[in-house]
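My request is simple: use the sequences and hints to build the entire structure.
Quick mapping for you: the protein sequence lines, in order, are chains A and B. Here the first sequence is numbered in the working numbering, starting from 1 and rising by one per residue. Here the second sequence is numbered in the working numbering, starting from 1 and rising by one per residue.
It is worth saying that the hints were derived from the structure and are not from the lab. C-beta atoms are modelled at their ideal positions from N, C-alpha and C, and glycine is treated no differently. Accuracy of the hints is not assured; some may be wrong.
To be verified - With the C-beta cut set under 8 Å, the calculated list includes, among others, these residues of chain B facing chain A:
hint, residue
1, ARG25
2, CYS125
3, SER128
4, GLY129
5, ASP130
6, ASP143
7, ASN145
8, PRO146
9, GLY147
The lines below spell out each chain.
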Amino acid sequence: MAQMPSSDLTAHIEALKTHDCRSIVLCSGKGGVGKTTLTANLGIALAKLGHKTCVVDADYGLRNLDLLLGLESRIVFTAQEVISGSCRLGQALVKHKHETNLMLMPAGNPRMLDWFNPEHMRNLVTMLADSFDFILIDAPAGVEDGFKNAVAGANEAILVVNPEISSVRDADRVAGLLSSQGTFDLIQLVVNRVRPRMVEKLDMLSIEDVLDILAVPLLGVVQEDEQVIVSANLGEPLALGKSKSPAGIAYGNIARRIQGEEVPIPDINAKPEGFMNRLGDFLSTKII
Amino acid sequence: MGASFLQALVSGSMCQLRLSGASSRGPDLLRIVEPALPRLDQQEFLELDCGDWLLSCVDLEQLQGLLQQHNLNLVALHSVEPRTIVAGAALGFMTQPRMPTPQAQRQSLQRPQEQEEKAYLYEGCLRSGDCLEHGATVVVLGDVNPGARIHAAGDVIVWGRLRGIAHAGSRGNATARIAALQLQPQQVRIASATALGPGGHGPPGQPEQAVQRNGQIVIEAATVLPVHVPRMKHQAPVAR
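Here you go:
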């Protein structure tokens, strides 16, 4: 039987502090901006840097973090069994095929939506805190109960935003909700799916425009990359580094920034025109 | 100010009792209303203009009793306050909700009440979906992002960028203004006038204000604050 720690509102924060663990929720408000992809890739990237990392799928209605990590077939027990006490924590955690530092806490069946509450999430995080350096929580889209559950267990947040007006507006709302909770030490921003050419032609919001509205510290910028889709279908996140792709490198850089390294964020807009330059870009400076 | 009684001018029209100024309830209500009531020889119909007073069913019933002693038959009720309308409708009066109208007279009556409440100082960024409502002037130290709303009975002053929706003089004060270091609102409202934001940027480094002139909202360079600098209170509650 899993031991359920009696948890009040701050017990998980204390547990995170005593075990020196960082629990980061990835949220966006809007759907389809790349939360799950970023969670999977940051999980891999942090694990590659030697941190014991757990990715928690908090999107119970539409779970697919396990798919992106290629672990769907290995799931036996889920968070549901852990919380109900019918299995041990270690039985539910799924170790990644290639990165042994990475574990997945899978979501249970969608009926979890009915009974799962913020306290369950805090209990889960309290249990995970002593065996991991990082807990990454993949929040569902929206700002309803699922979102509230997901953010309840975190002490840091990464806002994922696409450079489009609806995504920025939703992220702004989420940033307001997070700061009103008052339990977050750090809220950072990842601008995902940026298309430099469109930004150049002023067809897309620039990073500066996004930061101008959100006023949240920038953690990283990820370019739109077709390889992301390919890797999602294969169940092998880009951050594994099997193929050199700009997005994969960007994920790695974000992970290094998360662990406190100073990695400069290059100016994505300053792009010279012309075929040779583009070729040059492709070979070198596309690395973010 | 309290209650004022208007005699029916034309036969067939109703007498009117108007409540204004600071709202009161219970025994105080009757004490305020009583001196205003005339001695009438015959039964008259009365229309009650509650202004923005919040009156419960009990208040209204007591008031009705008092009025009947004065030969006044309460039949209709106007109010800006929805809860008063609900109470009135429950007692079977004809009710008519009203928008807070910026009549010059009403403004002068409301002025003292607005000054009773102190200005709010909100430190921080108001983000999309946040809504700050207050019965006096609101001062924001920070940005007001697109999608955020401020409703203030007094002025709205933003030490930062105003890019959301601001409503100054929400209780009808047409002399209220909206000032910001960068005034790029989606929409501004002053009392009952509404205008879309200017769209582009104002002159850089020039704080601007929106004021109402002849029923139109105009944007101009911000002037010095009014003489009475209100005392400030920290951290207004923000609805998220």
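* If any of the earlier hints don't hold here, list their numbers in rising order. => 1
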